[in-house]
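Engineer: Single-letter residue listing:
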Amino acid sequence: MPRLPHSLLLKAYNISPLLPLVLQGTRSLPSAVNELRWLREHVLKRNKPTPTTQKELLRLCKRRSYSEPLQYILGSQPFGELNIKCRPGVLIARPEPEAYTTYLAKLLIKGSKGDRGFEFDERKPLRILDLCSGTGCISLLLHSLLVKRFPGVQINGWDISPNAVSLAVENLKRNISKGHLKIQPSQKPPPIQFDQVDIFSRFNRGQKKQLHCDIIICNPPYISQKAFLQDTSRSVRKWEPRLALVPEVEVEGYDGVKAEDVFYRRLIDLHTRFARSKLLVMEVGDDAQALRVATMALQNELPSRRDTVEIWRDGPELRNGLEGNGRVVLGGRVVGVKGMGNMRAVVVKSPDYVWSKDGVGQASR
Amino acid sequence: MALEHDRLSEETAEKFDSKIAKRVGELSRVTEALKEWEDTQSSIEELRGLIHDPTTDQELRDLAEDDLAETRTQLEELSQKLAISLTPKHPFEDMPCLMEIRPGAGGGEAAIFANDLLRMYKAYCMRKKMRVSVMKYETADGMGDGSGQAPLSEAILEIESAGAYGQLRSEAGVHRVQRVPATEAKGRVHTSAVSVLVLPSLPSNGNEGQELNQADLTDPESDYYVNPTDVRTDVMRARGAGGQHVNTTDSAVRLTHIPTNTVVAMQDSRSQHQNREKAWQLLRSKLAQARREAREEEVAKVRRSVMGVAQMGRENKVRTYNWQQQRVTDHRSGLTIHHLDDVMEGGDELDTVIDSVKTWFGEQEMLTLLAEEEETNKKTK
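Sequence lines, in order, name chains A and B. Each residue of the first sequence is one higher than the last, beginning at 1 in full-length UniProt numbering. Each residue of the second sequence is one higher than the last, beginning at 1 in full-length UniProt numbering.
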């Protein structure tokens, strides 16, 4: 990592003696100025500064200088209208999932109104499965955005880490008590539920039932061993759980699948063979991975039905002339690319189909 | 007019119609003033009758004469009030507002004074029981004022109470300060300037029972309508890989209204969602103000031709704060006050200044109306 130039540190010092510390963590001056302000607001909470608060602020700035994420120091991260609790051991909620989750909700609402979007019947309970749910941010945001149009929405979040599951439950309670989520504690069955599940294991009865859903959404670990060392920021590498970033599972029969793509292979299997889901949304790490995953989805579709595969960029709703909507051709099939930024999510839309008795899907249309 | 008011009041009592109710509200200002004026007028008649009545004894006559003089002055004031109430009300008068404060010429000292003004208006609004919050506080690079804060480069106050625009619109303009700045080593007096902009604002959720007929967001005719396809949104995106590779806290949102090239940026909140909402609110306010100004341009031309350049504009300095003499002078109403400290604390003296400007606004408005009347009369002749 390049060393910060003295001139920059001096400039920061001239603004505030605490700023160089924060700058060590953020590596950029504008974010350092903002973060210092948020740290100050966090310490003061509308009170007048006193020697104690100044000391506390200095302590937090020092923590930040060791590249501890601001989200861990403050213990939270805004996510849409929600406030998500963050703590070491669980991956911090990021703006990219916020963008594609919001976009997904928008398309679901549009589609239910007969507009262009994903068509689901708003009168039936919409069942969503959020895999690798982490802090639970995606589940909670989906519920808050969808509940008005889909009053029967049912969301299950699965994560392998018990730490993440308990944090997700805390976040559910926290956002209900803050009034961000309209859920009665007495509601049966609970509209949002988090469980500890390893998605590579054999599922029990209850899990199989939950697996039969309409939509699967997942932000799996997708960084390769090499990229973890080279491309991640120090703050991520040193402080965030490796489990949520680098896939380290060996699966028999997944020949020719790169180590960082293992989760996608499993997700596509779950989507096409086990769940009767009609929509699969998967976050990906970069453009190359997006194309690999899209190809994988097309190769593994059931022979009896034709899926539509789409790629969403960081800002799926943003448009800017040249870099607007595009398309790529993979194996003779057209894949639409939406929005601006890096390729961030691969979306597989499968037509509704009826299950025959021997478990082989038949396309209904 | 009084008749129309009575009729409309009756009508509203029967069936509630927001348009009629609005008209009643507008008229009631005038009718109240008119009623007071009529009452005073009749009491003068009465007093006169008393004085001229030969049967009145001397003591009573003296009293009546005293009263008469007093009532006369009252009548004058009331005529003034009536005249002002007859001038058309500003269309944004009842709205909440945004107040933008930016340092102008004068470098670091201007930034410090901008901070002083920010504090002054905050205190003023709090004293007036208006809901106020800092919507945007942006700092520039450079030496801070010792408190560990970088100098202010732009601040926006959001005042959510209805009628705040009417209350504070007189504050728009350039505020000049003359003092020995804290940053000055040799004790010289500096003159610096800070510009204040007051925009009518539209609460993002208009559910507080506020009457915002013209502020309908979905109505393309409204001043507040902004076509979303005309607006380009830029968000700070992580450099490089993004996604799980980084965990930056950048939440800045920038909106560009392409047809008018209006740019607003917001980065105060950690929540991008909130920054986006605030940015939209600011953009709407700015565009609404600009549209109204454009419409008024025609009228303003007539005014200028009649009255010279005395009209207030954003460019002109409106007030001077002088520390040496401990005085505040408003250049429009010509009022000078020597309680600088009280003004800077947003106290009663600031009220006096603001009220004087409001009266001045009213008078100007009337003069213009008269001038326009003459203009049209000339044309018809």
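Keep in mind that the hints were calculated from the coordinates and are not lab data. Every residue, glycine too, gets a C-beta built ideally from N, C-alpha and C. It cannot be assumed that every hint is accurate.
Going by beta-carbon spacing under 7 Å, a handful of chain A positions derived as facing chain B [claimed, not checked]:
1. T50
2. T53
3. I223
4. D231
5. D269
Engineer: Would you mind marking each hint as holding or not holding in the structure?
Structural biologist: Each hint tested on the structure:
1. Annotation: T50 of chain A was flagged as interfacial toward chain B, and the flag is violated, the nearest CB pair being 14 Å apart, outside 7 Å.
2. A hinted interface residue such as T53 of chain A counts as satisfied when its beta carbon comes closer than 7 Å to some beta carbon of chain B; here the least separation is about 12 Å, so the hint is violated.
3. For I223 of chain A, the shortest C-beta to C-beta distance to chain B is roughly 6 Å, which falls under 7 Å, so the interface hint holds.
4. Taken as an interface hint, D231 of chain A checks out: its beta carbon lies about 5 Å from the nearest beta carbon of chain B, inside 7 Å.
5. The interface hint given for D269 of chain A is violated, since its Cβ lies 22 Å from the closest Cβ of chain B, which is over the 7 Å cut-off.
The structure fails hints 1, 2 and 5 (numbered hints given earlier, in ascending order).
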